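Under the numbering used here, think of the first position of the sequence shown as 619, with each following residue one higher.
It should be emphasised that the hints constitute simulated quantities derived from the structure, not laboratory data.
These numbers come from a predicted model, not from an experiment.
Take these hints with a grain of salt, some might be off.
Said to hold, decoys possible - Pairwise CB distance ranges (calculated): (1) Arg650 with Met619: 24 to 32 Å; (2) Glu668 with Ala645: 28 to 36 Å; (3) Tyr621 with Ser663: 16 to 24 Å; (4) Asn637 with Glu668: 21 to 29 Å.
No residue lacks a Cβ here, since even glycine has one placed at the ideal position from N, Cα and C.
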Amino acid sequence: MLYVTLGVFLIVLGNVTLNLFLASYEARVGRRGFLVLYSLLMASSGAALELSGAFTS
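Using the sequences plus the hints, can you model the full thing?
Right under this line is the structure:
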């Protein structure tokens, strides 16, 4: 149970950190560019999860 809690905590912490980091560059890139960049990051993380085989049994 501790490992699940720690895993969820680290995922949320990483997500918050990434959002703050990317939001600092939003003014330079623009809202549309920011959304495209964030969408590409989300798609690549989903593809990595699928290719790792850890998601499907």
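Right, here's what the structure says about each hint:
| no. | hint | result |
| --- | --- | --- |
| 1 | Arg650 with Met619: 24 to 32 Å | violated (42 Å) |
| 2 | Glu668 with Ala645: 28 to 36 Å | holds (33 Å) |
| 3 | Tyr621 with Ser663: 16 to 24 Å | holds (21 Å) |
| 4 | Asn637 with Glu668: 21 to 29 Å | holds (23 Å) |
Checked against the numbered hints listed earlier, the structure breaks hint 1 alone; every other hint is satisfied.
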